[in-house]
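Residue 76 in the numbering used here is what sits at position 75 of the sequence shown, and the numbering runs on without skipping anything.
Honestly, I wouldn't trust all of these hints.
In silico EDC-like links for lysine to aspartate or glutamate, alpha-carbon gap of 16 Å or less [claimed, not checked]:
id, residue 1, residue 2
1, Lys44, Glu30
2, Lys57, Glu30
3, Lys57, Asp42
4, Lys18, Asp42
5, Lys45, Glu30
6, Lys19, Asp42
7, Lys55, Glu96
Label pairs and their in silico Cβ distance ranges [claimed, not checked]:
id, residue 1, residue 2, range
8, Asn26, Ile68, 15 to 25 Å
9, Ile7, Ile95, 53 to 63 Å
10, Phe97, Lys57, 55 to 65 Å
Note that these hints are calculated values from the structure, not bench results. From a predicted model like this one, the values you see are computed outputs, not experimental measurements. Cβ coordinates follow ideal geometry from the N, Cα and C atoms, glycine included.
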Amino acid sequence: MILLSIFATAYFVLFNKKIGGNILNEGSEIVNGQYYLVDNDGKKNLVSQADWEKCKTVNIAFFSIAILGSLSLFYLFLRYAFLPSFIKNIHSIIEFFNRQKNKNA
2 MILLSIFATA
12 YFVLFNKKIG
22 GNILNEGSEI
32 VNGQYYLVDN
42 DGKKNLVSQA
52 DWEKCKTVNI
62 AFFSIAILGS
72 LSLFYLFLRY
82 AFLPSFIKNI
92 HSIIEFFNRQ
102 KNKNA
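Modelling step: build the complete structure from the supplied sequences, incorporating the hints.
In structure tokens:
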């Protein structure tokens, strides 16, 4: 999923350059049945309805994949970085209290 997120990001950037803008950019709008996308430089580009719909679909797919990739990274961090050290620390604390209890007994 992480690799898919990386490829989706590359496709998202290339698609936006090819189509000439992005729906999410401020100023992208539909005016009198004409579809305008704004590129990163602020230039408005007239596009067809099909291109507008493709851009919308690519945005939805990209953000869905990006969220799943982020969750995968978070899981890997928890599984292989946080939880092992957390369990090791808890085990050390329990051993410490067991030794203290045995000394006092």
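Structure versus earlier hints - violations, ascending order | 3, 7, 9
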